[in-house]
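Novice: Going down the list, the sequences are from chains L and Z.
Under our numbering, the first residue of the first sequence is numbered 1, with each subsequent residue one higher.
Under our numbering, the first residue of the second sequence is numbered 1, with each subsequent residue one higher.
Hints may contain errors.
[Stated by the list, open to error] In silico negatives: residues of chain Z with every beta carbon more than 10 Å from chain L:
1. 95
2. 157
3. 199
[Unchecked claim] Below, computed lysine to aspartate or glutamate pairings styled on EDC-like, alpha-carbon distance capped at 20 Å:
4. 80(L) with 66(L)
5. 198(Z) with 208(Z)
6. 202(L) with 137(Z)
7. 52(Z) with 193(L)
8. 95(Z) with 66(L)
9. 139(L) with 100(Z)
10. 140(L) with 208(Z)
[Said to hold, decoys possible] One side of the interface only, derived from the structure: several residues of chain Z facing chain L at Cβ under 10 Å:
11. 10
12. 14
13. 15
14. 48
15. 66
16. 75
17. 79
18. 80
19. 82
20. 114
21. 204
Just so you know, these hints were derived from the structure itself, not from any lab.
Bear in mind the structure is a predicted one, so any value in this text is a computation, not a measurement.
Every residue gets a Cβ at the ideal spot worked out from N, C-alpha and C, and that includes glycine.
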Amino acid sequence: MKKQYFILQFKMLGRHIRAFGLPPIIGVLFFGTLFLIGSFFLFMQTPFAPYIYGVLPLLFSTILGEDKRNDFLTSLVEDKSYYSIRFIENLLLALPFALFLLYNSAYLMAFISLSASGAISFFRFKNRTSFVLPTPFSKKPFEFTVGFRKHFAYLILAYFIGIMAITAGNFILGVSALVLLYFIMIAFYSEPEKDFFVWIYKDTPQRFLLYKIKTAVVYSSIISLPLTVVLGISFPANIGILSIIFILCLTYLLTFVLAKYAAYPNRLMLPEWLMIVMSFWFPPFLIFLMPYFYKKAISRLDLLEKNYD
Amino acid sequence: MIKITNLNKAFGNKTVLNNIDLELTKGKVCGIVGENGAGKTTLFRCIAGLEKYEGNIESEYDHLKNYLGFVQTEPYFFSKITGKEYLRLLCSARKVEEVDFDQKNIFDLPLDQFAQTYSTGMKKKLAILGILLQNNEAFILDEPFNGVDIQSNLIITEIIHKLKYLNKTIVISSHIFSTLSAICDEIYLLKEGQFVKKVDKDAFHLLEQEMKEVSVGNRVDELGLE
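Turn these sequences into a full structure, and let the hints steer you where they fit.
Specialist: Structure follows, in structure tokens:
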């Protein structure tokens, strides 16, 4: 059963990569390379990278420990197999991070990360908790309302890194925290919503997009401005570069909002991702990319709108 | 009024709707019955414009979907959104602002809890409440009584009567024939993507009898239960 389960998981992973627009083997190589580049960059930038890599697998493990998924799994296999499946899953997830920690001689963090990930497999994380985390975003659901609650732990982590940066007087780390914050907010827009939630809007595609953009600007500022201001006060000499990074982060967030609807109702595919990656490499490319995504989003939404009429 | 003529829909090679003609009139409740997979939900999604189709759907509205409330068989709810936030989303999407959700909560739903933790019936009631608060002119109710308790069943029936009185256009599907016969002015029988029968109120009992004979027949006997 265990073998069948993991074969099925790998098949599903392959299908996800194919849906992304890549053959599975190329996809694994692509994401592996991306992980390595990101890891080297992070470890070059901050001495706190080992801590981040120690905590990240634990946060990801909570996704695998999600209640509904585990209800299904327990109904499928006996207790012993269930725990061993969960244990192996968590270790597999933590392995790339642990290997990179080992490569960087962070032996203790690698050990803690692996053992904590293993231990966490014996816990379940109730998604159906009745506790409703209050958010300042309830007035305009749904991206920030849902995203804030789902990614609250990650947001706290980003702020924690920001505070560490200030206490250590490390501006680069502070900026990394701000960038991380925006990456988390970009994740709020990673899933295309069901067609019903676009259909309900009494708006032209242009007005619909403008509404989404306005919401993203206002709500992302509520989340990121406190950290940005505190960083500005703590590193007054770097306020110019901080402002540029803040504006750039906001621009990338809006690019993702536009890209989401440019691909709608599908997820972002390889061509969109490649263009986005290119813009990370060469930010002025955004001048062309944003209008391109905007036009594509309008035509996508226009098609749906014609369908509705 | 919504007029559907020669509506066809296929998924790949499989024809799901074949030559559908239907006129939905203001102030009348139209019922659609049919077995699972007959094409009811696809028909509703076509009327709403959520599916591409061949044929014609005309209405008096410039954008029908802006006046249409659609309760789907299995309404979807985001995982971390409360009942009240869901209602707010539906209302603000239609530019309906300043609604006192607590006062309008006729089903006594726990609006401050996550909608995804609701029972099937509560989810249905929340979806119904949402489209009612949008001030729509036409309503598609796909299985509105599914999983709903008897008290709320009565409330929903009353709501449909009220909507009819207010001259709204209503189309509804249900597996529970008795509820349909109590609220509908006409019922269409959909079979394998085609309307095979249209029945007016005075002949509902005949349709029910016929459906029982066709659907049930002697299938239970074939089980050989002892």
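Novice: Regarding the hint that residue 10(Z) lies at the interface with chain L, is the smallest CB-CB distance below 10 Å?
Specialist: Because about 16 Å separates residue 10(Z) from the closest Cβ in chain L, which is outside the 10 Å limit, the hint is violated.
Novice: Next item in the hint list is residue 66(Z). Is there a CB on chain L closer than 10 Å to its CB?
Specialist: Because about 5 Å separates residue 66(Z) from the closest Cβ in chain L, which is inside the 10 Å limit, the hint holds.
Novice: Given the hint that residue 140(L) pairs with residue 208(Z), test it: the Cα-Cα distance must not exceed 20 Å.
Specialist: Cα-Cα ~46 Å, so violated.
Novice: Check whether the Cα positions of residue 80(L) and residue 66(L) lie no farther apart than 20 Å.
Specialist: holds (19 Å)
Novice: Would the hint on residue 75(Z) stand, with a C-beta cut-off of 10 Å toward chain L?
Specialist: Nearest chain L Cβ about 8 Å off; hint holds.
Novice: Is residue 139(L) within 20 Å of residue 100(Z), Cα to Cα?
Specialist: Status holds; Cα separation ~13 Å.
Novice: Assess, step by step, whether the Cα of residue 95(Z) is no farther than 20 Å from the Cα of residue 66(L), and give holds or violated.
Specialist: violated (36 Å)
Novice: Run the distance test for residue 202(L) versus residue 137(Z): straight-line Cα separation, threshold 20 Å.
Specialist: holds (14 Å)
Novice: Any Cβ of chain L at or closer than 10 Å to residue 95(Z), or is the non-interface label fine?
Specialist: violated (6 Å)
Novice: Measuring from the C-beta of residue 114(Z) to each C-beta in chain L, is the shortest one below 10 Å?
Specialist: Where the cut-off is 10 Å and the nearest Cβ of chain L is about 6 Å from residue 114(Z), the hint holds.
Novice: Min Cβ distance, residue 48(Z) to chain L: is it shorter than 10 Å?
Specialist: holds (7 Å)
Novice: Going by Cβ atoms, does residue 199(Z) stay more than 10 Å from chain L at every point?
Specialist: The assertion about residue 199(Z) holds, with a minimum of 31 Å to chain L.
The structure fails hints 1, 8, 10, 11, 12, 13 and 21 (numbered hints given earlier, in ascending order).
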